[in-house]
Amino acid sequence: MPNTVTSMLPHRSTSWLSTSATKGRKWFQRSGISGQLLALIIVMGIFTIGTRGKYLSLVNLQVILSLAAIPAIIAIGLHQVVVLGAIDLSVEGVVAFCVVIVGFLAHNKFNANDVGLWIIPITAGVGGGAGVINGLLNTKLKIPSFISTLGMSWVLWGLAVFVSKGQTIPLLNNPLRAVVNGYVLGIPNLAIIAFLIFAIIQLVQDRTRFGRYLYAIGGDEVLSAQAGVKVHQTKIFVFGIAGVLYGLAALFLAVKLDSAQAITGNNLLFPAVTAVAVGGVALTGGIGGAKNAALGALIVTALNDGLILLDVNPYAQQAVNGAVLVVAVALTIDRKKLGFIK
Amino acid sequence: MKTSIRRLGEIVGVFGTILLGASGSAEAAPASPTLAISIRTLSSPYQVMYKVGAEAYAKQIGLPLDVLTTEANSAKGLTDIKAEVARTGGNVAFFIDPNDASDAVPIAKTLDAAGVYFVTWWSKPAEIKVWDYPHWVAHVSFDGVAAGVYTATELLNTLKTPGQGKIIALQGRLGDTPNAERWQGLNQVLSKNPGVQLVQWESAQWDRTQAYNDTKAMLVAHPDVDGVWTANDDMAMGAIQALQEAGLAKKVLVTGCDGIPEMFDAIKSGLAAATVFNDGKYQAQLGLAMALAAKQGKLNVASLPHKYRQFEIPAVNVNRDNVNQIVHDYIENTPTYDLSDFFGKWSVAMP
Amino acid sequence: MSAAVLELQRITKRYPGVVALDGVDFTVYENEILGLVGENGAGKSTLMKILIGLIQPDQGTYRLRGAPVVIKNPAHAANLGVGMVFQEGCLVPNLSIMENLFLCHEIGFRHFGFLSKRKMRDAAHAALGTVKVAADLDTPVSETTPAVRQMIEIARLLWLSKLYQQRNPVLILDEPTTVLTDDERNTLFSIATELKSQASIILISHRLQEIVETSDRILIMKDGKRVANIQARHAGIPEIEQMMVGHAFAADRFREDEQIPPGDQVTLTLENVSKRGVFEPLNFEVRQGEIISLVGLVGSGKEALCRCIAGLEKPDTGSIKLAGKRLTPGSPSEAVRAGIGHIPIDRRSDGLALGMTIAENVNLLVLDHLKVGGFISPQREKKNALRWIQDCRIKAPSPSTMCVNLSGGNQQKTVIAKWLSSKIHLLVLDHPTRGVDVGAKDEIYRLIRQLARTGVGMIIMCDTLEEDIGLCGRMLIMKDGQLVNEVNCPPYRKPSPSDIISSIV
Chain A
1 MPNTVTSMLP HRSTSWLSTS ATKGRKWFQR SGISGQLLAL IIVMGIFTIG TRGKYLSLVN
61 LQVILSLAAI PAIIAIGLHQ VVVLGAIDLS VEGVVAFCVV IVGFLAHNKF NANDVGLWII
121 PITAGVGGGA GVINGLLNTK LKIPSFISTL GMSWVLWGLA VFVSKGQTIP LLNNPLRAVV
181 NGYVLGIPNL AIIAFLIFAI IQLVQDRTRF GRYLYAIGGD EVLSAQAGVK VHQTKIFVFG
241 IAGVLYGLAA LFLAVKLDSA QAITGNNLLF PAVTAVAVGG VALTGGIGGA KNAALGALIV
301 TALNDGLILL DVNPYAQQAV NGAVLVVAVA LTIDRKKLGF IK
Chain B
343 MKTSIRRLGE IVGVFGTILL GASGSAEAAP ASPTLAISIR TLSSPYQVMY KVGAEAYAKQ
403 IGLPLDVLTT EANSAKGLTD IKAEVARTGG NVAFFIDPND ASDAVPIAKT LDAAGVYFVT
463 WWSKPAEIKV WDYPHWVAHV SFDGVAAGVY TATELLNTLK TPGQGKIIAL QGRLGDTPNA
523 ERWQGLNQVL SKNPGVQLVQ WESAQWDRTQ AYNDTKAMLV AHPDVDGVWT ANDDMAMGAI
583 QALQEAGLAK KVLVTGCDGI PEMFDAIKSG LAAATVFNDG KYQAQLGLAM ALAAKQGKLN
643 VASLPHKYRQ FEIPAVNVNR DNVNQIVHDY IENTPTYDLS DFFGKWSVAM P
Chain C
694 MSAAVLELQR ITKRYPGVVA LDGVDFTVYE NEILGLVGEN GAGKSTLMKI LIGLIQPDQG
754 TYRLRGAPVV IKNPAHAANL GVGMVFQEGC LVPNLSIMEN LFLCHEIGFR HFGFLSKRKM
814 RDAAHAALGT VKVAADLDTP VSETTPAVRQ MIEIARLLWL SKLYQQRNPV LILDEPTTVL
874 TDDERNTLFS IATELKSQAS IILISHRLQE IVETSDRILI MKDGKRVANI QARHAGIPEI
934 EQMMVGHAFA ADRFREDEQI PPGDQVTLTL ENVSKRGVFE PLNFEVRQGE IISLVGLVGS
994 GKEALCRCIA GLEKPDTGSI KLAGKRLTPG SPSEAVRAGI GHIPIDRRSD GLALGMTIAE
1054 NVNLLVLDHL KVGGFISPQR EKKNALRWIQ DCRIKAPSPS TMCVNLSGGN QQKTVIAKWL
1114 SSKIHLLVLD HPTRGVDVGA KDEIYRLIRQ LARTGVGMII MCDTLEEDIG LCGRMLIMKD
1174 GQLVNEVNCP PYRKPSPSDI ISSIV
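Chains as they are written, first to last, in my numbering: chain A, 1 to 342; chain B, 343 to 693; chain C, 694 to 1198.
Keep in mind that the hints are not guaranteed to be accurate.
[As the list claims (entries may be wrong)] When the alpha-carbon atoms are kept at most 35 Å apart in a straight line, the in silico DSBU-like pairs for lysine-lysine are as follows: (1) C:Lys765 <-> A:Lys142; (2) B:Lys401 <-> A:Lys109; (3) B:Lys592 <-> B:Lys451; (4) C:Lys1116 <-> A:Lys230; (5) A:Lys140 <-> C:Lys825; (6) B:Lys418 <-> A:Lys165; (7) A:Lys54 <-> B:Lys592; (8) B:Lys592 <-> A:Lys165; (9) B:Lys508 <-> A:Lys165.
It should be emphasised that the hints constitute simulated quantities derived from the structure, not laboratory data.
Excised from the complex, chain A in its bound form (with noise of 0.2 Å):
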């Protein structure tokens, strides 16, 4: 039989169709992460080879976990937004503008202010807020999701230089350093950060009725709204979700660089969009998880560090670079043709 459905005559069975998936294959057929994996697998099968074997040492694996962190809190909180079937490019003004905050409230060199952990909340509102304006802008303002959060990454880029003046604000004994900067088990804090924001949001994705909306929407936004999804509350939430993101993810590039300037934000969108790719989430919407996002950080990661690791041609890394890539994309592409494409 050529489909997996099964059509049969009433008579014969109870039951006229019915599905033949068989269960063993199949969580691995739906994850939507085999491709990934084995992207992933053979990245670092590569290097691992190409290196004798010091790729995967211990030092070398606690390196590449604690860069892949903050690329995979951004892509997680990015990626939401795209299975929505739209695009956040404000990211990198939204970190800037936390970041200038952080610089200016955390115990600094600059003046006196010290709010202690309170910075946390108050990053995570900064960013929250930036995302909940950029999802009002574009459910109730109608302005596309490209041109808003461009616009709004303009402003906060443009707001966080005026107020630092372009300075760099040094930080001084900043409470979370440790956290940010320590180790359990031998895994850095910052991975084991990353990996709870992950946890929470795909056990949203997965148990939640926001979590069927936005998928919903992303689908189909209009049959989504007929059958009474409330698709601007649930945008404006991811919107703000995905600023939350790029609030605390600006937080901890702050305490880890242990200073605050508003340049921190740059070069941060253009990863995070490759992590979400490659990492299987459907640029059209309404396909992929946090999973794919983190994978995806985690991927683009490991191939970074393993360039490095090789010592390829700093040259040639960014042509190696985009062909990985490309070949990361082209093993997931498949899976994506049984998905449903917009």
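Since chain A is already given, all that's left is putting chains B and C on it; use the hints.
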């Protein structure tokens, strides 16, 4: 308040140019010349130093100063310059840090045609020669090769065994001129010190986060490095963070370039070996002084040899021995520069 | 007669320039199947959209179970127990069966704040049980067949009416059978008949046979008015057709009088063509002007065979020859160049560029003949398009009308015009009259006969066995990937459907 009025003046000037043409007849030319600087932005601390230096100079000699910014927009830069020329009736001396190297050409054509003397800094296309334009007094840069030589030499001197060991390096954006020059300086020093091995380098795009990422990965490949050379201080700060996490801070020193405040602190606390400070205040004052001298006939541009029309000067070298003094003299205070001899610091002619 | 569950009175809906509904009265009683028929544009869909709150009437009253209501939107209608299963489906394609079933009503499945998959699974199995679907609940809807999708929608509506304790829900099935195989259709109607005990069903279909067989009552609409309300057991198809169209329909539906004997020359030759697991090695010929009908159940391999002939799939063995010349297998472009046309079942996605004009679509394959001095001549383009628009009686304001704005019948005629204008030798027609109203069907039959007269050989797969028998000159019956029988169908001496069915099943 003062700046906003000045801004208003600029805006009026722009409209004046549009409405009345570039004749400048709307306003009578003032008897005393105006000083003007065209810089990239007021959002970079380094560019702000231009303004601070220019203001100090203008105050010192009692002339008005206008500050124009391009804000990464070449067209705006040129329009503002034209407007300023129109507003002052051409009675102005310019210091310009072009937004983009290619901008130097239209700027030079405009100002030369208007008979306005000007000095440019940092960027111009190599094939464009200053001496082809009678009013283009000079094009000046900091000596990037010298900076690379200095920081490399300092780094090699601070290795566990001076002149012996392994180092890694971070370049800025490949293809940028300052990066290429500083890199050349490093390589000159390395060729004279066969005991030091450059085991790996990466390009971190001038970016602190990327420098941190790259250094972390390089330290896995080479946990036994003795020093880290970087092409600017921001990347140096990223490298220092990575070294700290690897437990190598203060044991493995870093050098940078530019002279940002954090780098001075890092040198003081023994995390970094050296940097080179680009003194924006001096740059602006030297540029304005040369352009004004030419305008006032005190400097005969036509008779200057080519080597004085396109040249480089060394920046201020900073290491652990002099860091406190430098910070006191140049950062916390504005030194009174000797502007009587424009070519006193001349180090090398630009080809 | 049982009580009225839904009553619309004097419903009027105007659009600029058109009165879509003109004072229509519409009543649905409890536990009945109501057939709703009418030509395209008669006002059926407007009426149904009002029923589910997608649009609001300009005038008229809407009463549900005796009480006047204003239906705000389809979600509101569903909560009140009025729901529609759309022709194109209204399930979100990337969500799974279970997720679609409960979309927007997940709140009852919460367990410590998170959705309980187990509770959902149990409810889903129960809900699908009422429509006799046993499916893997995690399958994305995009990977299921149209039949399963319809059943999910029906199950969802029934479940919702239970959830909101609405007695006797009203289900609207809009052209449900156009996307179903014959078996699936039979099953659908047997389920519909069973559901009558707890619900009312409004059935919209172009296939009058199934309307007459399944419905209790039939309502006929024409030009925005209700023209008749008859008991199904008193209804005859010719009378209904006459009321729908407004004039008597030709007794010879399939234009048998125009059927011509096949020519001497062989157009298409298949030798040992097979595709592993789908159909076994086949041999047959199609002659000039001959119409071959392929019949068989889904899974008989007939669809794959047609796709192989059109070059869309690659057979594993054998050769396909057109006028004696062997074609490269699996090359649609070579098939087109050689003169094989293909009218796909889903013209919306495959057969027609909907965003292009009629003229552009019609001229698509003959652009080379429309060139003057190397460039496409607008005059020639217009002339060619106008000729075929007239010839195929495509009803449209102008050749530059976008195809997306055409009715299903006119879209199909545009596809046929496209192939007619390019000199083809063989045409594969995959359900050419699907979703097309009675009037347009007749036009399509006329065009098929016209094509045959010009010598084009055809392979057709039709919506009904009657259509297959009526149109073809020879019938090839496939079963489980094998050619099991061949039946001649000469004009006026056609076999009856019951003769054929035994070989199919």
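Hints, verified against the model:
no., hint, in the structure
1, C:Lys765 <-> A:Lys142, "holds (23 Å)"
2, B:Lys401 <-> A:Lys109, "holds (31 Å)"
3, B:Lys592 <-> B:Lys451, "violated (52 Å)"
4, C:Lys1116 <-> A:Lys230, "violated (53 Å)"
5, A:Lys140 <-> C:Lys825, "violated (43 Å)"
6, B:Lys418 <-> A:Lys165, "holds (21 Å)"
7, A:Lys54 <-> B:Lys592, "holds (26 Å)"
8, B:Lys592 <-> A:Lys165, "holds (31 Å)"
9, B:Lys508 <-> A:Lys165, "violated (38 Å)"
The earlier numbered hints that this structure contradicts are 3, 4, 5 and 9.
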